[in-house]
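Undergrad: Here is what each chain is made of, one letter per residue.
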Amino acid sequence: MSSREDILGRVRVGLNRSATNAAAGRAEMAAALSNRSHGPKPAIDSNPQALLARFRIKSEQQSSTVDIVAQDSDVPVAVERYLTAMKLPKAAVAWPSLAPLDWVGAGLKVEGRGARDADLVGITGCFCAVAETGTLMLCSSPDTPAAVSLLPETHIAIVSASRILAYMEDAWTLARKELGVLPRAVNFISGPSRTGDIEQTIVLGAHGPYRVHLVIVES
Amino acid sequence: MEIKSMHFKANASATLANVVLQGNLKNAKGKFVTKRAEAIKDLDDFEGTRDAATAIRNKVIDNLDLWLECFERKALDTGAKVFWAKDGAEVCRLVTEIARSHGVTKVTKSKSMLSEEAGLNQALEAAGIQPVETDLGEYILQVDNNEPPSHIIAPAVHKSLDDVADLFHKVHGTPRKTEIPALTREAREVLRGHFLSAEMGLSGGNFLVAETGSVALVTNEGNGRMVTTMPHVHVVITGIEKVIPTLEDLSTLMRILPRSATGQSISNYFSILTGVKKPEEHDGPEHLYFILVDSGRADVVGTDFHAMLRCIRCGACMNHCPVYQTIGGHAYGWVYPGPMGSVLTPLYAGMENSIDLPHAATLCNQCGIVCPVSIPLPDLLRKLREKQTERGLRPLTERIGLRVWAWVAQRPKLYALGASLGVRYLKWLAGDTDRIRLLPTAPEWSLGRDFPAPQGKTFRELYAARQTRKGATT
Amino acid sequence: MPRVRVGLFVTCLVDLMRPRIGFAALKLLETAGCEVIVPDTQTCCGQPAWNSGDAPGAVALAKKTIAEFEGFEYVVVPSGSCGEHVRIEYPRLFADEPDWRDRATALASRTYELTDFLVTVLKVDSVPGDHEGTVTYHDSCSGLRGLGIKEQPRSLLAKMKGVSLKEMNGCEECCGFGGTFSIKFGEVSAAIAERKCDNVHASGAQAVVGGDLGCLLNIEGKLRRMGDENTRVLHIAEVLAGDA
Chain E
1 MSSREDILGR
11 VRVGLNRSAT
21 NAAAGRAEMA
31 AALSNRSHGP
41 KPAIDSNPQA
51 LLARFRIKSE
61 QQSSTVDIVA
71 QDSDVPVAVE
81 RYLTAMKLPK
91 AAVAWPSLAP
101 LDWVGAGLKV
111 EGRGARDADL
121 VGITGCFCAV
131 AETGTLMLCS
141 SPDTPAAVSL
151 LPETHIAIVS
161 ASRILAYMED
171 AWTLARKELG
181 VLPRAVNFIS
191 GPSRTGDIEQ
201 TIVLGAHGPY
211 RVHLVIVES
Chain U
1 MEIKSMHFKA
11 NASATLANVV
21 LQGNLKNAKG
31 KFVTKRAEAI
41 KDLDDFEGTR
51 DAATAIRNKV
61 IDNLDLWLEC
71 FERKALDTGA
81 KVFWAKDGAE
91 VCRLVTEIAR
101 SHGVTKVTKS
111 KSMLSEEAGL
121 NQALEAAGIQ
131 PVETDLGEYI
141 LQVDNNEPPS
151 HIIAPAVHKS
161 LDDVADLFHK
171 VHGTPRKTEI
181 PALTREAREV
191 LRGHFLSAEM
201 GLSGGNFLVA
211 ETGSVALVTN
221 EGNGRMVTTM
231 PHVHVVITGI
241 EKVIPTLEDL
251 STLMRILPRS
261 ATGQSISNYF
271 SILTGVKKPE
281 EHDGPEHLYF
291 ILVDSGRADV
301 VGTDFHAMLR
311 CIRCGACMNH
321 CPVYQTIGGH
331 AYGWVYPGPM
341 GSVLTPLYAG
351 MENSIDLPHA
361 ATLCNQCGIV
371 CPVSIPLPDL
381 LRKLREKQTE
391 RGLRPLTERI
401 GLRVWAWVAQ
411 RPKLYALGAS
421 LGVRYLKWLA
431 GDTDRIRLLP
441 TAPEWSLGRD
451 FPAPQGKTFR
461 ELYAARQTRK
471 GATT
Chain G
1 MPRVRVGLFV
11 TCLVDLMRPR
21 IGFAALKLLE
31 TAGCEVIVPD
41 TQTCCGQPAW
51 NSGDAPGAVA
61 LAKKTIAEFE
71 GFEYVVVPSG
81 SCGEHVRIEY
91 PRLFADEPDW
101 RDRATALASR
111 TYELTDFLVT
121 VLKVDSVPGD
131 HEGTVTYHDS
141 CSGLRGLGIK
151 EQPRSLLAKM
161 KGVSLKEMNG
171 CEECCGFGGT
181 FSIKFGEVSA
191 AIAERKCDNV
201 HASGAQAVVG
211 GDLGCLLNIE
221 GKLRRMGDEN
231 TRVLHIAEVL
241 AGDA
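Sequence order for the protein chains is E, U and G. Going by the numbering used here, the first residue of the first sequence is number 1, and it counts up by one from there. Going by the numbering used here, the first residue of the second sequence is number 1, and it counts up by one from there. Going by the numbering used here, the first residue of the third sequence is number 1, and it counts up by one from there.
Looking at chain E on its own, in the form it has when it is part of the complex:
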């Protein structure tokens, strides 16, 4: 007997599995999968301005920094401003999807590709953001490689204000609508990587970025 059959067999014995209760179990399972019921959620004002305000506060609580610009074309200048202020190099890897922005015009050398170990700054967008916890949702694809938000010491993420949702549940609804199936990697990111493994003292920059900077685009 295979391990699979052995294990499932013993689970079935434990559950007193019969044809009748299997049918009932399958019905329950189908219901759970189609109902997708939600648990209780903390109350959040879903007005767009309120979502933006909450997202900002929560992001800052997670040690991210936040800048707000009016439109997409303002992003390269805002990124340059941040890099200058932080005395960081003016070169970055970005999602290929962001390559068309006028980086050169802002004095930046930005390459749209997958990330390498030597990259110091990584620029990404995000699929959407969650106001409840100040969290970015990034979906991997050829145009949006996962490692750009992971390998570099600095992660800059561009967030459309219109895509700040209240809850993670809303993000799933949006993903089902726009993507159909889940991409290989959905990464929810809430601030720079951190560890508390030595004396429970939080240190930023464990294996991923030391800093996360959000450029929120209002329109």
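Just so you know, these hints were derived from the structure itself, not from any lab. Treat the hints with care, as some may be off.
Claimed, not checked - DSS-like mimics (lysine-lysine), calculated; alpha carbons at most 30 Å apart, straight line:
{"hint": "1", "chain 1": "E", "residue 1": "LYS41", "chain 2": "U", "residue 2": "LYS59"}
{"hint": "2", "chain 1": "U", "residue 1": "LYS170", "chain 2": "U", "residue 2": "LYS35"}
{"hint": "3", "chain 1": "U", "residue 1": "LYS4", "chain 2": "G", "residue 2": "LYS184"}
Since the structure of chain E is already known, use the hints to place chains U and G on it.
TA: Just chains U and G, lined up with the frame of chain E:
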């Protein structure tokens, strides 16, 4: 992992005598407790969320076979391969075979308690494959002679900054650093090379999502993302009980898991990984394997201990346990310490190997109160005590003592006589003081404290006398 | 109002070690106008057997206790631990004996921890005694987490002019007693007790007060071993009755 739970008492005693360790434990105690208490406040309805989380976990374990089949079907659809392992040995064999089939020489690992259960690192090393632990806490332990973890969330919580400073200085051959950020940076630099060169990444799984065939991973350091993004092979090993139905359920559980574990409203990284990299993608593994592990779980289904399968491994029970706070995790002698460990170890590693564990609790129910999936841990510990008695595993003197007590307590006259004699004996031991320094009938009591002397007569004697006086005066 | 007929279950530990707590409970109930009966056949509620894995012993003692006390309007226990055993565990002991389960449930619903009874059922507006000094209150685990005993003793202490309550840190944390735990794992138990005693000391109170004699013996034993001859260790009944 080798089980040393039969030495609980000696290990606990050694822990209490270790001044450095006691200092470290004292320093750690309370930090998790305070943070959790703060973090659950901003959920408007913590109890409601806890109930919802409990219901989600029940839904799955009550029809576990069906949910496992559902998950397997979905995972296969995404291009992953699914294996099943009955025990640790089979886990080791499967992982080694997968590694060999891909020509793997190095495996980076994010934290997996199942890997500890199976003793996977030793098996990989024996097969000539280098395992590298990448969670900072696990890494510290691995380079310290493969010391076992003492906590499921904070594996090196028993170590102080000084301990780590000495260790890194020794194993990295670098100047001794005394700042936590500098030590963290040093580990980062060492491990970055491993992340980029390992051919295979191995992770546990916080949850398996049946709806999508995905694994959900919760980390703060980003090592979980590294080991599942950089190598071209990713192996997930999880217990069979880790399935949950939908992504919405995942959201509910994520409101309660990080808060219960580290007191965070959300962990830094929370990844839902589904299937393999597409040819045109820049990163991600080309091969994804799930190993669904039994190792004692299937036999718990439907028993008195069924509720234990709800456990989401947050560690809140140990953080709040007065015994764990006092002796740390190593004394428990296997993979899982604290209250959940005292239930799991007898179930998974053998009741006869862990006689002390179910008794190593005051049944204060602090664990039951904080458990995010409402596992009645004290009830389960009590139930294990009952099973031990039924199987005759308790010491004979204890079993006889209990029977005699219960027998006598059912016979009021005999009981009254015994009580009256016992009290006089204790009073005699105390002499003209108000305490007994050494209690011969229960010497353990007097190891660290006195035993207050009894008043002198039993209540029933004094009450009877009072009633007689009353009768005489009326 | 007709007099409430109460069965007093003094508990085995009070019977053996501190009869004065039983008399204090008696005084409190009688002062509050109850007719108190103390069945002289009472022994132990069976909790030690239950917690030690001796289910048959626990069931036998539960049956005996139920039979002794089910005739009373209320049953009062000067212990959160024994009270919890009767109120919460008794009905669960009889999964396979519906008749006994019904009797256990009926008894459970009429059984109260002493301070809970004084506050919740009798709604007393005064207590007979007074006590001069600062006290800190140790919340015993079974009473607190099993029966929700938290405000009851404090509200009663607040009725006493001379008492000033100084809360200690970690007042809800276990003292390390744990019944047979204290004699099976004496060292660990005493180490937990030491933390409790440190908190008692840090509160600066002259006395530590609690509702469970087991915890109190543990705390007193540890305080004395630590060389503290001054801090008094008192049961809430003694304090409220003015017997302390």
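Undergrad: Hint by hint, note whether the structure agrees.
TA: So, going through the hints one by one against the coordinates:
no.: 1; hint: E:LYS41 to U:LYS59; result: 20 Å, holds
no.: 2; hint: U:LYS170 to U:LYS35; result: 33 Å, violated
no.: 3; hint: U:LYS4 to G:LYS184; result: 19 Å, holds
Of the numbered hints listed earlier, the single one contradicted by the structure is hint 2.
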